[in-house]
Every structure is written in structure tokens, then in C-alpha cells.
Amino acid sequence: MIAWKEVTVPTGARVQLLDVTRHAAGQVSASKVRNGMCYLYVPHTTAGITINENADPDVVTDLVGGLERLVPRAGNYRHAEGNSDAHIKATLTGFSCMVPIVDGRLALGTWQGIYFCEFDGPRSRKLLIGISGEP
Amino acid sequence: MIAWKEVTVPTGARVQLLDVTRHAAGQVSASKVRNGMCYLYVPHTTAGITINENADPDVVTDLVGGLERLVPRAGNYRHAEGNSDAHIKATLTGFSCMVPIVDGRLALGTWQGIYFCEFDGPRSRKLLIGISGEP
Amino acid sequence: MIAWKEVTVPTGARVQLLDVTRHAAGQVSASKVRNGMCYLYVPHTTAGITINENADPDVVTDLVGGLERLVPRAGNYRHAEGNSDAHIKATLTGFSCMVPIVDGRLALGTWQGIYFCEFDGPRSRKLLIGISGEP
Numbered sequence: 001m002i003a004w005k006e007v008t009v010p011t012g013a014r015v016q017l018l019d020v021t022r023h024a025a026g027q028v029s030a031s032k033v034r035n036g037m038c039y040l041y042v043p044h045t046t047a048g049i050t051i052n053e054n055a056d057p058d059v060v061t062d063l064v065g066g067l068e069r070l071v072p073r074a075g076n077y078r079h080a081e082g083n084s085d086a087h088i089k090a091t092l093t094g095f096s097c098m099v100p101i102v103d104g105r106l107a108l109g110t111w112q113g114i115y116f117c118e119f120d121g122p123r124s125r126k127l128l129i130g131i132s133g134e135p
Numbered sequence: 001m002i003a004w005k006e007v008t009v010p011t012g013a014r015v016q017l018l019d020v021t022r023h024a025a026g027q028v029s030a031s032k033v034r035n036g037m038c039y040l041y042v043p044h045t046t047a048g049i050t051i052n053e054n055a056d057p058d059v060v061t062d063l064v065g066g067l068e069r070l071v072p073r074a075g076n077y078r079h080a081e082g083n084s085d086a087h088i089k090a091t092l093t094g095f096s097c098m099v100p101i102v103d104g105r106l107a108l109g110t111w112q113g114i115y116f117c118e119f120d121g122p123r124s125r126k127l128l129i130g131i132s133g134e135p
Numbered sequence: 001m002i003a004w005k006e007v008t009v010p011t012g013a014r015v016q017l018l019d020v021t022r023h024a025a026g027q028v029s030a031s032k033v034r035n036g037m038c039y040l041y042v043p044h045t046t047a048g049i050t051i052n053e054n055a056d057p058d059v060v061t062d063l064v065g066g067l068e069r070l071v072p073r074a075g076n077y078r079h080a081e082g083n084s085d086a087h088i089k090a091t092l093t094g095f096s097c098m099v100p101i102v103d104g105r106l107a108l109g110t111w112q113g114i115y116f117c118e119f120d121g122p123r124s125r126k127l128l129i130g131i132s133g134e135p
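Residue numbers (our numbering), protein chains in the order written: chain A, 1 to 135; chain B, 1 to 135; chain C, 1 to 135.
In short, the hints are calculated from the structure, not lab data.
In this text, all values refer to a predicted model and were calculated from it rather than measured experimentally.
Don't be surprised by glycine CBs; every beta carbon is placed ideally from N, CA and C.
Among the clues, some could well be false.
[Stated by the list, open to error] Far from chain A, by Cβ distances over 12 angstroms, these chain C residues were calculated: (1) Val20; (2) Arg78; (3) Glu81; (4) Glu134.
[Said to hold, decoys possible] Restricting the straight-line Cα-Cα distance to at most 20 angstroms, the calculated cross-link-like pairs of lysine to any residue (SDA-like) are: (5) C/Lys126 to B/Gly109; (6) B/Lys5 to A/Arg34; (7) B/Lys5 to A/Lys126; (8) C/Lys126 to B/Asn35; (9) C/Lys32 to B/Ala3; (10) A/Lys5 to C/Arg34; (11) C/Lys5 to B/Pro135; (12) A/Lys5 to C/Asp103; (13) B/Lys5 to A/Asn35; (14) A/Lys126 to C/Asn54; (15) C/Lys5 to B/Val102; (16) A/Lys5 to C/Asn35; (17) B/Lys126 to A/Trp111; (18) A/Lys126 to C/Asp103; (19) A/Lys32 to B/Ala3; (20) A/Lys5 to C/Pro135; (21) C/Lys126 to B/Ala3; (22) B/Lys126 to A/Leu106; (23) A/Lys5 to C/Arg105; (24) B/Lys5 to A/Pro135; (25) A/Lys126 to C/Val102; (26) C/Lys5 to B/Asp103; (27) C/Lys126 to B/Lys126; (28) B/Lys126 to A/Val102; (29) C/Lys32 to A/Ala3.
Next comes chain A alone, as it looks inside the complex:
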């Protein structure tokens, strides 16, 4: 009932929010599920996933800025790799999200998009997308 697909997400900066809505929408469409749930899962520890506005790109800029202010890259950290801020940011956004499927489509709000959150890039990342529900 849940078919997991793996998508590759290439990121282009240390901290970057990338709209991955089309990947989820494509899986929903291919699944023929009309009522159910779309799950997204990030199998990393320095990247997360969130939902936010897909209209004004300044919102994503402010979201990145807000997370940087909350958890600065430089700090009194012990982890030798120097990316402890990325681990903390990823825990704040979380590693999964879910979006209802209603009438065969993602039931995102008017202004919602799904964003992969890179906090220690650039890297080639993976994203798992799973669909559950009924045709």
C-alpha cells in the first residue's frame, strides 16, 4: 500500500531550500490514489524538509535567514566536522512531512510548496516519497 520511490536532489549551496513539490505531485499522479497520504522522508542528518510559501521567494530567503540567526554556523560546538549547526537545524525542521491526497491531488494549501532543506551542502541528496491510500 505504500510504494517508496527514491528521488535524487542535487543541492547548490551550503544552506538552500529547494522546491520539491513536483516530485511529490508526480508520484501522486502515477499512483492513481484518489484519497490517501503522500509521505516525504529525508535519509540524512544535515538536511531536513518543510512546507512554506511558494509565491514570494523572499519568504524562503527570510526562512533561511531566520534559521541562520537561531542556529549560527560558528559556535561553541564539539563535533569536529564543523557542521553541528546543520544537525541542529535539521532537527528543528524535521526529516519527514506528509500531505493529504484528496480527489487524486496533493491537498496543499493555495500558497504551500514542499521544500527540501539543505543545511550542509552542496551535495547530492536523496529523498524518499511514499503514497498510501485508495484508488
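Given the coordinates of chain A, assemble chains B and C onto it according to the supplied hints.
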């Protein structure tokens, strides 16, 4: 297997946490599901959802205060609508939550309630509630 | 389709992240589910759950330190129990997480472990684990 229902949540302040547990409990009861999951989804970008204490209202007050300290309304934001703090707060709480259904009831802990998190109200908001499981 | 099991998690400090991956892996193995989802749910209001690195223990130390800096124990709080910071921290990590099951195993990333987040211990805590999917 997942039946989505939309509930309207009228909010009364710019930042406000509203107990929506009864809406979820009502859907669980109506569904006749005995073992499964109740999902809640917020289709907005300046509102979120969380779980927290339902006994002492000071906890919710402190939660609102803590989020305001973490992400002040005024700041070095670019988004022209002036509500970037609300977008950031919503990403911190998240846009969905899930609660197990055990023996036909929400398996909330003794002190847990489900709270709709308004960060840019007052507005009329929507909340999607879905149930999955077996009778 | 979702079988909920309750696990007891004894915690040993006020703030502590405990690796509970083995509990989830054990339930997945026992379930015989090959493709599906493993859900974890914390029925408390001063403890949460997250995913993060399972290799260098300094990452968990830095994660605890980062959360303490974001939400200090002492502050301008009203809740008389003196643990408002724990309630706020739990809302930031969240009370549930989910991990895909692929080929009969948790599809955790190479460096991922699942961490129970104690923010007001030491206490005896509960954790609900549920499995959904197909054999």
C-alpha cells in the same frame, strides 16, 4: 482507508494556540476505527500545529512567549507582507501531526492536547483531519 | 494494519537524547512488513523525538547544547512547575516521527538514528511504536 474532513478554525489574535483536540476526537469516534492513526494537516504557511499540555493554561502562554522570543515579529526581513516571523514559526512547529488510535480512542498522553497554532491572525483557518486503520 | 506497542524508556538526566532505534527495528522485524511505515509517538508534553547522527556522540552533545541555548531553562516563564523550557523544546522537536520500511527494514540513512528526547527528566517515559504496510 483515509477519509479527509475539513474543519474551519476561526482564530482571534495574531498569535494564538487553540485546542482542537475535540475535532480530532470527534472524527475518530465517527470513524469506528479501533486501531490506527489520526492525522491533522494545516493547509496554510503562517499557521502550524503542535501538541502540548492541556491542564495549566500558563504552559500555552509560555509556549507562545518562547516562540516570540525565538522569532521576533520585527527583524531584518525582506518579505513585504511583514509576516516573515509567522512563516518561520510555522516551520518550527510543523504543518502536521499524528496521534495513534488505540481501542477506538486517541492515545494522547494524560496531559496532551492538540493545538492549532495561529501565527498571523486573526483569520478563518482550515484544518484537515484524516483517519486510517481498522474497525 | 497498524499494531501499536508500548515501550518503556527510562531516562537518566534532566535533558538527554537516547537512541531508541533498536526498539523500532525490533518491531519492524517482528511485524514481517516488507514495505510500509514505522511510526513513533511520545505521549508526554516535556519529551519529544527526533532523528540525528548515530556515529559521533559529540553531535548529540551539540544538539542538546543548541536546544539549551535556544530555550534556556531559566526565563520569564509563568508556569509554576518551572519546566516551561521543556514544553517549548518538545514542541520544537515534535512528538512523533516516521521512518519508511523498505525490503523489511527501516530505511534510515547511513548515519541516522532515532532519538527519544528527554527535556525534564530523569523519569520513566513511554514510547508508542506502530507499523503499517504489507508483508
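Query - Pairwise hint evaluation, C/Asp103 against A/Lys5, where the allowed Cα distance is 20 angstroms at most - result: With Cα atoms ~12 angstroms apart, A/Lys5 and C/Asp103 stay inside 20 angstroms; holds.
**Report entry** Hinted pair C/Lys5 and B/Pro135, Cα distance within 20 angstroms
**Finding:** holds, 18 angstroms
Query raised in the report: Taken at face value, is the distance from the CA of B/Ala3 to the CA of C/Lys32 at most 20 angstroms?
Result: Roughly 27 angstroms between the alpha carbons, so the hint for C/Lys32 and B/Ala3 is violated.
Query raised in the report: C/Lys126 and B/Asn35: Cα distance at most 20 angstroms?
Result: Since the Cα atoms of C/Lys126 and B/Asn35 sit roughly 18 angstroms apart, the hinted pair holds (cutoff 20 angstroms).
Query raised in the report: Do the alpha carbons of B/Lys126 and A/Trp111 lie within 20 angstroms of each other, as the hint requires?
Result: Holds, at about 13 angstroms.
Query raised in the report: Do the alpha carbons of A/Lys5 and C/Pro135 lie within 20 angstroms of each other, as the hint requires?
Result: Distance ~18 angstroms between A/Lys5 and C/Pro135 Cα, so the pair holds.
Query raised in the report: Minimum Cβ separation between C/Glu81 and chain A greater than 12 angstroms?
Result: At roughly 25 angstroms from the nearest Cβ of chain A, C/Glu81 sits farther out than 12 angstroms, so the non-interface label holds.
Query - chain A versus C/Val20 - minimum CB to CB distance exceeding 12 angstroms, so not interface - result: C/Val20 clear of chain A: closest Cβ-Cβ about 15 angstroms, beyond 12 angstroms.
Requested in this report: Sort out whether A/Val102 lies within 20 angstroms of B/Lys126, counting only the CA atoms.
Outcome: holds, 15 angstroms
Query - Restraint status (C-alpha distance of A/Lys126 to C/Asp103 at most 20 angstroms) - result: Judged against 20 angstroms, a Cα distance of about 17 angstroms means the pair holds.
Query raised in the report: Does the structure keep A/Lys5 and C/Asn35 at a Cα separation of 20 angstroms or less?
Result: holds, 11 angstroms
Report task. For the pair we were handed, B/Lys5 and A/Asn35, check the Cα-Cα distance against 20 angstroms. Result -> The given pair, whose Cα atoms are some 11 angstroms apart, holds under the 20 angstroms limit.
Of the numbered hints listed earlier, those contradicted by the structure are 4, 7, 9, 21 and 27.
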